[in-house]
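A.B. asks: As they're listed, the protein sequences go chains A and B.
Following the working numbering, the numbering of the first sequence begins with 1 at its first residue and continues without gaps.
Following the working numbering, the numbering of the second sequence begins with 1001 at its first residue and continues without gaps.
If you're looking for bench data, these hints aren't it; they were derived computationally from the structure.
Ideal Cβ placement from N, Cα and C applies to all residues, glycine included.
Misleading hints may appear alongside valid ones.
[Claimed, not checked] Listed next, with one range per pair, are the computed distances between beta-carbon atoms:
hint, chain 1, residue 1, chain 2, residue 2, range
1, A, A359, B, A1391, 25 to 33 angstroms
2, A, Y71, B, Q1258, 50 to 58 angstroms
3, B, F1246, A, G419, 53 to 61 angstroms
4, B, G1167, A, S398, 52 to 60 angstroms
5, A, G290, B, A1446, 38 to 46 angstroms
6, A, S464, B, G1276, 52 to 60 angstroms
7, A, G333, B, G1276, 56 to 64 angstroms
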Amino acid sequence: MNRRPLPFALITALPVLVAGLLHAGTTPPPTPTPEPVVEKPAGPSTASIVRVNSTNQAFNFTRPWVKRPPYTRRGIGVILEGGRVLVTSELVGNQSYVELENPVTFEKSTADVVRVDYEANLALIKPQDDAFLASAIAATLAPTAAVGDTIEILQIEPNGSAARTPGVITTISVANYPADGIGLLTYKLSVPLQFRDNSFTVPAFLDGQLAGILMRYDARSQTAELIPSPVISAFLERAKTEPYQSFPRAGIAFSPTRDPQFRRYLGMNGEKNGVYVASVQHGSAAAKIGVKKGDVLLEVGGFPLDQDGNYENPQFGKIPFGHIIATENLPGGTLPIKILRDGELLDFDLPLEPRDPTAVISESFIMDRQPRYYVLGGIIFQELSRPFLREWGSDWKSEAPQRLVFLDEFQDELPPNRGKIVFLNQVLPADLTLGYEQIGPIVVERINDRPIRRLEDVAEAVKSPIDGFHKIEFDSDPKVIFLDASLVEATADELRQAYDLPALNNL
Amino acid sequence: MRRLSSCFALLAFVTAIACQSAQGAPDEVRRSLVRIQAVAQNPDYAVPWNTGQVIQGVGAGFVIEGNRIMTNAHVVSNARFIALTKEGDPNPYPAKVLHIAHDCDLAILEPINPAFFDGMTALPFRDALPAIESTVMVYGYPIGGERLSVTRGIVSRIDFQEYSHSGADAHLVIQIDAAINPGNSGGPVMQDGKVVGVAFQGYSGDVAQSTGYMIPTSVALRFLRDIEDGQYDNYVDLALTYYPLFNPAARAALGLQQDGLGVMVGTVFGGGSADGIVKSGDVIVALDGNPVASDGTVKMDGSDLAMSEIVERKFKGEKVDLKVIRDGQPLDLTVALNEPFPFTLYANAYDVRPRYVLFAGLLFQPLDQNFLSSARIENQRTRYYFDHFLADNLYKERPEIVILSNILSDPVNAYAAEFRQGIVDTINGESIKKLDDVAAAFAKPAEYYVIEFLGASRPLVLEAEAVTASRDRILTRYGVRADANLKP
């Protein structure tokens, strides 16, 4: 089992890179006081960037009371107005300690994460010492970009000077971000970066303005993916309000309607394009207004969709419609959508709301908090989540217990009131669990005749043993086991000490 | 369990084995041993209308009473031609399979010309398990040689183990330390002039050395008794899972004495022998009067054997008496034994032809162990469905898993690739429970054929007109001999 923290990057093992070629003769730009009015800065300034070192500790989902060994990720943050520094959330995910480092003077300041959005892979941090960024120049965002534009990737050499690598935007589209299955606008670049050191945030500039920050780099094909300025600016806009609301989602999975036989069957003739609704997530915005599997989504926000779900964006051309919902609008309010159902045209107002990560049956990521667990006489109960399954390594889909993989993968097919999936992860063998050593991971259905829909139910159910025994029932073999309730209580301290558990539960 | 190599194929085994000259073999063994040469044709599940590859193999057999020859099923599976030779006679004698039991890897052959038996003697069976550490002799034609070979070994272990020929059956097996190699298969293992087993499988040298396996006479004699009525009825099973009961709290909660007896029933498979009689949570304390220890063993033939052995020795239609404790109360139950059909999904099947339906270039096949010999399932849902077919009682609603196994590309199916390996749920609203349902649904006239796959994002829609127009084009272009085979 791979017990190392798993990088999010999908293309290469790690988005490891930093420091391109330092061109001979290139001197770091001087950092004079900026001119009062800058129409269009000539080039990005190192006065707008700062090194960020983040020491992170992921939790161990197979032994949920344990933090893994700390590891340090480095990146280059972009200084924004208000003394805030923008980085990817991957850089500071599960952080234990974050510091800023001046690239020239090597002065350091401890920093706090003030806002993080793992879906958008963005975070804002702030130095504890307000004066630390006093001489910095806040970067401005490039409002847009186009395919063919040359973008400059800014990295820092060990001596503090700037390393600039030009790259060309090849594609602008919606692509999946590291957090599973979440699509947002992405710029794809062709750029020959070399990597020598981990860098989980590298800024890219267009005519001196921030065009995006690097999310992934594939060294073999020399292509990079950027979180582009429209997503960054949407994040900054959302960051202004409390409580923070992430990017809105419709909660629809769709299928293209390219197949002409399928189009004719659906009664889609002539100009009517659109996509086939394949599934609707429980509790999602689309579910709330009654969008159903089998509907054909024709228009979103007044834009007609083509057979693959693209619309004509005035800035970027043909891109998937998810961009309108997620990025072009703030949460709250609604967006008109048009649907073809049984040959009939229907109009709906789609509420713009972010998905509720706690409403899902199996969460796709869990950051900055300890996994929940409950230990009963050596039996460890947990709630199913994808980070748990990912403990089986990159091939977790075939390596992890297949039943749990299936429940995670197809959770939208479970009844909406299913609640969480509580499972027995493993047994810490003790006298009272004799014969149960090999059990797990296995899904728990009932404890002491009470249905288990979340971990709190376990804590509640064990208060009422049946005739002095805890009866634990599973959805598959061995179906049922028993524990002596008084023995569980009497040996709790002994167990905690024997296995050196800091606590017998975390709810 | 794939580590067990079936001994049929003539692999290039060069492991040195202790061979001694056959000159020393007792006369009655030499006058009973048969060298079997079989030509088999194995079907091709990837291209099911094709005739399969023809392969040749060598095994051993021996004459038993009634002028019959016993060998392993795997020696003569899928055979198209069988020839027998015996010591001291250069002539090959064509033969046919009289009975074959794939679930216990045994077969009975009969030469076409009864003159084959002239001068031959039948070997008697010893109706008991040989003692651990006792010496046995193995006879056969390892690695394909023309002359009889003898190896000597001792009985190392007697235990339940998978029979790799079917891959889904486990019966009693005797492990010996004589090497058993391809060509030994079907040969007699002798002790004191009597057959104590039939050599049948072993590990390849890189897994374990000096481990050979033989089928004990309890299994061989059961097979002979089963076929007394002229047909083989397969093994019977209770079709349930059970778990040891060591835990004192579990024993107390279930109202049991701390007497070391009883196992708890986990799953009772629907449609199996015990369905509706035994319940999940019952504690089995005795089978046919034999006390069941809490690790699931019974005392038989002087050793602790898995309690299944009691059922193993019974026949279809026979009964087994169970003493169980249900809700703290003792209860006597009787189960009439029959063959649990769904298990065969996980067994290699032989002497059958691949079944399929080809429609609009879309190939539909039942997903079973034979299909998996030619394909790897990448589709996560399909893989789960297959793996949990029994455990989740999925076979109750769908006795056969029919999948879209392949696509012969044509304009009519140009957008079907996303459905590959999907499980067919319905066709035009008709629920698909087996391959025949697919053929029946496509045979009905319709404007559109709408195929719903389990969990697919959309239905696959085919226009009847386009399908009709594509039929001959596809059959010709891909050399398909028939667009369906529904008979095994």
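A.B. asks: With reference to the structure, classify each hint as holding or not holding.
C.D. replies: Taking the hints in turn, this is what the structure says about them:
no.: 1; hint: A359/A - A1391/B: 25 to 33 angstroms; verdict: 30 angstroms, holds
no.: 2; hint: Y71/A - Q1258/B: 50 to 58 angstroms; verdict: 51 angstroms, holds
no.: 3; hint: F1246/B - G419/A: 53 to 61 angstroms; verdict: 33 angstroms, violated
no.: 4; hint: G1167/B - S398/A: 52 to 60 angstroms; verdict: 20 angstroms, violated
no.: 5; hint: G290/A - A1446/B: 38 to 46 angstroms; verdict: 30 angstroms, violated
no.: 6; hint: S464/A - G1276/B: 52 to 60 angstroms; verdict: 32 angstroms, violated
no.: 7; hint: G333/A - G1276/B: 56 to 64 angstroms; verdict: 58 angstroms, holds
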